[in-house]
Amino acid sequence: GSAHGRHCHRQQGREQGSGSGSGSDSARPQPPEPSLLRFLVCPLSKRPLRYEEATNELINEELGIAYPIIDGIPNMVPEAARMTHKKPPAEGSEQP
Amino acid sequence: VRLWRCRCRALLSRPAGAVRPRRGLAAGPEMHFGFQTVTEEERREKIYQVFENVAKKYDVMNDSMTLGIHRVWKDILIHKMNPCPGTLLLDVAGGTGDIAFRFINYVRSVRQRQLQRKLKDHQNLSWQEIFESYQKDKSNSLGDSQVVVCDINREMLKVGKQKAQHLGYTEGLSWVLGNAEELPFDDDKFDVYTIAFGIRNVTRIDLALQEAYRVLKPGGRFLCLEFSHVSNPLLSSLYDLYSFQVIPVLGEVIAGDWRSYQYLVESIRQFPPQEELKAMIEDAGFFKVDYENLNFGIVAIHSGFKL
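So the sequence lines, in the order shown, correspond to chains B and Z. With the UniProt record's numbering applied, the first sequence has no gaps in its numbers, which climb one by one up to 96 at the end. With the UniProt record's numbering applied, the second sequence has no gaps in its numbers, which climb one by one up to 307 at the end.
What the hints contain is simulated information worked out from the structure, not anything from laboratory work. Incorrect hints may appear among the rest.
Think about it this way: if two alpha-carbon atoms lie no more than 16 Å apart in a straight line, the pair counts; the simulated EDC-like pairs of lysine to aspartate or glutamate are [claimed, not checked]:
#1 B:Lys46 / Z:Asp187
#2 Z:Lys56 / Z:Asp186
#3 B:Lys46 / Z:Glu181
#4 Z:Lys158 / Z:Glu52
#5 B:Lys46 / Z:Asp186
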């Protein structure tokens, strides 16, 4: 859908995923499975997310929150999200 | 005082069904955690801790407690699903990946048979044509099937991911940390939604069912594999005996944690029986809701469709 256009395309050429050799928690952040980005939305607003390669996060621009990706696993619970501070959220604090 | 009250209640309410708040909904601020009474927030925390503690020993414990029969139950679930290549599966509370791996194995073998049949039908192709078609199909051994494993517990997902790497599952599989009551997926996306031995641990079952409905495509199928109620009185007594006397002991011996397994056994007793769960699934909007008892109701598979 419309979410596709927003995703970071720098991802596409890279060969990675759950099967690649890096089994241990390395310092280099593991990006998520590209196909996964097709389904993921913000659990709160159900709106599309943008993958930010620099911080390895999935960002909901509207609400101004970012979900971390840890060990290649997107952490899609509101408790784990942080405020992005780039743009103040539209309706007050969304954080529990 | 609360701890004392909880213990008393636990002792007094051992017969199944004694303490049972409103089905699937938070009965005021109090809910059940096994046979204890806790707030909704406490329940979530305690359950998170249970699975954090058992994650590494989860598979071993499943085998010990069920004498390996849980494997058969899970096989039956996948056979009932009968997925064809190209199916998109969301496995919720899928933690250590048992359902996901079985799904991949299943579609892979269906795909194999498809390709073999195709090859047999094309007897008059040139070598070049056969070679090219083989190359094309080889890179698509799953036929575009995909499974997303969603779980709320980081430790369980970690174990699952490690297992996947160890067993060689690389393509068609992704892992997401998410809450069954508030799924991070868009509407109308999945062909099948499964939740195996997970829904019992969800605090708001009604929300989880609503979310399941939301993320399924029209025509999609909901499948739930869960411990259920044994109506046969003799079997029920034997089952109770085994559950309360043997399982927590196994938990202590194998995982060093009888309390978590005590919770597990109690939570099974607190969970709605077959007909009640069926009604809840219907409330969420599913049609053609049905269930199948396995082993006299020790386990049941509930199924429903989004139309």
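Pairwise hint evaluation, Asp186 of chain Z against Lys56 of chain Z, where the allowed Cα distance is 16 Å at most: Given that 16 Å is the threshold and the Cα spacing comes to 31 Å, the pair is violated.
Verify the proposed pairing of Lys46 of chain B with Asp187 of chain Z, using a straight-line Cα cut of 16 Å. holds (8 Å)
Lys46 of chain B and Asp186 of chain Z were given as a pair; does the straight-line alpha-carbon distance stay at or below 16 Å? holds (6 Å)
Would you check the hint for Lys46 of chain B and Glu181 of chain Z, treating anything up to 16 Å between C-alpha atoms as holding? holds (13 Å)
Can you confirm whether the C-alpha distance between Lys158 of chain Z and Glu52 of chain Z stays at or below 16 Å? holds (10 Å)
Comparing the model with each earlier hint shows a violation of hint 2 alone; every other hint is respected.
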